[in-house]
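Residue numbers (the numbering used here), protein chains in the order written: chain U, 9 to 303; chain A, 54 to 411.
Some hints could be false.
Between beta-carbon pairs, the in silico distance windows are [what the hints assert, rightly or not]:
id: 1; chain 1: U; residue 1: 138; chain 2: A; residue 2: 89; range: 50 to 56 Å
id: 2; chain 1: U; residue 1: 26; chain 2: A; residue 2: 64; range: 50 to 56 Å
id: 3; chain 1: A; residue 1: 136; chain 2: U; residue 2: 222; range: 38 to 44 Å
id: 4; chain 1: U; residue 1: 138; chain 2: A; residue 2: 239; range: 39 to 45 Å
id: 5; chain 1: U; residue 1: 188; chain 2: A; residue 2: 131; range: 34 to 40 Å
id: 6; chain 1: A; residue 1: 79; chain 2: U; residue 2: 243; range: 49 to 55 Å
id: 7; chain 1: U; residue 1: 218; chain 2: A; residue 2: 184; range: 28 to 34 Å
id: 8; chain 1: A; residue 1: 136; chain 2: U; residue 2: 210; range: 26 to 32 Å
id: 9; chain 1: A; residue 1: 106; chain 2: U; residue 2: 142; range: 37 to 43 Å
Some but not every residue of chain U turned toward chain A, in silico, with C-beta under 8 Å [what the hints assert, rightly or not]:
id: 10; residue: 197
id: 11; residue: 202
id: 12; residue: 212
id: 13; residue: 226
Quick caveat, the hints were computed from the structure, so don't treat them as lab data. From the three backbone atoms N, C-alpha and C, an ideal C-beta is built for every residue, glycine too.
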Amino acid sequence: MTSTDIESSTPLPRPVGLLRRLASDSTVLIAGGILVTIVAASLLAPFIAPYDPYETGYAPFIPPAFMEGGTSEFLLGTDQQGRDLLSRLLYGTQATLLTGLLGVFFGGGAGVVLGILAAYFKKFDPPIMRFVDVLLSFPAILFGLAIAAVIGPGIVPIIIALSIATVPDVARVTRSTAVVVMSQEYMEAGRAIGLSDRHLIIRYLGLNCIGSVFVFLTLRFGQVILIGAALSFLGLGARPPMAELGMMAAQGRDALFFAPHISTIPSLAIFMIVLCANMLGDALRDALDPRMRNM
Amino acid sequence: MTGKQLLAVDTLTKHFPVRRGLIFPREIGSVRAVDGISLTLQKGETLAVVGESGCGKSTLGRLLLRLIEPTSGSVRFDGIDVLSLDRETLRKLRRRMQMIFQDPFASLHPRLSVRRILSEPIELHLGLSPKDTERRVNELLSVVGLAPYHADRYPHEFSGGQRQRIGIARALSTRPELIVCDEPVSALDVSIQAHVINLLVDLRQQFGLSYIFIAHDLAVVRHIADRIAVMYLGEIVEIGDKYAVTASPRHPYTRALLSAVPRAEAGRERRTIAQGDVPSPLNPPSGCRFHPRCPYAEARCRAETPQARTLEDGRQVACHRQDEIPPWPAAGGAGIDPVVRRRLQVLATAAKAKPAAA
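Based on the provided sequences and hints, a complete structural model is requested.
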């Protein structure tokens, strides 16, 4: 009996892969399926949209095809200016997804960098986190107002406001994850080997934080879309001719009682996107939980 | 021993500041984790550092490698003043001094394959070609009793003992001269401990390594060490040859440690019992730090800090009353506790069975 025999006589169960665990979750399949469909439809908007989203020449206030007085010519009806709602919905989803995605991308990126630096260089921890606290105390809507006041309304100030609003939460979550990773012996082992700070931060600290931070970003994506839609609803975002879900909901507000579809359809689209993103985030968090590894 | 000095530590001190206050934190004191420790290590020698948990032995190990910055004192590694090096030179020096960690479940990067874990230090320090790096990884794996096919697995696929072997292979990868072993077997099953200890003994002979071996298990220490340093609250109270220290301990604390080894037979009275708990290193007792727990303490112990005195057998003891306290009774047999002796036998048997192992 050799020493290696003794130790390998108890083989560890091989953990099930992350993708397989995700695929066995029906929530993931449904939410993922819906989200993929929405994204694909919005990306393909130029090809599948039946009309030009900006063309106004049609009869206004036509209800959707499945309602009384609807016509199969305009599946989701037209808005008060006689624009095809389905076409606007497809383009609007594109704009909404893009603002949300860019907001999470820039804000999340900056937040991750700040959080990791704060955890790795203990000297920088207090200044970075106090700065983050300052950001945290500003509501995103206020930021949007301020930025729109300076550079005027449009899609760019919205993305900036969303990014800034995302930074503090992501920085906090990243830092708390990174602090736990920093206390692991393998970080010290990496230093004992003589690895550079850069290597330790990226390959050791970053790699071990990114999982849980990614889950948070997925959950955050839904919120960012909501804030973005709210900013547009308030008239700070996309400018009128442009199609954007929040702004479309705002424009349909006046006709809510006699043509409710103008406002409700884009609102439902926002609802579906946020719901699916949250469900995916939840499922991802469960799947990454180490206690679920061998199930 | 070749007699060439590898490591010289002089009055090494590490005080961790303790701060209070939310907005304007101010220092309210410091934890004296390591307080003025001096020691030397010869090439090829193994010095064991023992003591209760919280006595600063792990901090000492990290200070020696400058993984944490000391408050004061000096560390000379092969004549090089380690504490004055800039970051780059220090990183290069790390090739020659490595560390084996206590917890094999926390000391390996969970997302790197064993091959990556082992090739990182090789690529960093040895500058081998990819082919030679791979050969070296396979060689390291077989040296620690694993097989080349283990290289593409991840740490979570191994047992604790196997992981510790990977940790040892990583420490060996850069061909170091000094390895600080921070309780390398205390997280392992007793059945695995003997294998890992004997592996460390073999590697020392094979590669001419020197160890600083941090532990609290006296049987393990007696098996592997040449000299033993006993630490109490950040200070060394007794340091010397392992046979001298374990067979006729002079410091009351060393005696207390030896008496604390659990005993199988009932009814045998203990020889020296340390009363109470370890005092807080935040506010260590005056005079001799052991005096509140020492059965031989007198007025002088409370007032004066004892200086280490060198005995005729070369060992150093820091106790005022070392000449006055009663001699250590030679226990039945070779002066070793029966429980310890049994553990030693297990280690020796495992060592003899070794040739059959990889």
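**OP:** Output the numbers, in ascending order, of every earlier hint that fails for this structure.
**Re:** The structure breaks hints 1, 13; every other hint is satisfied.
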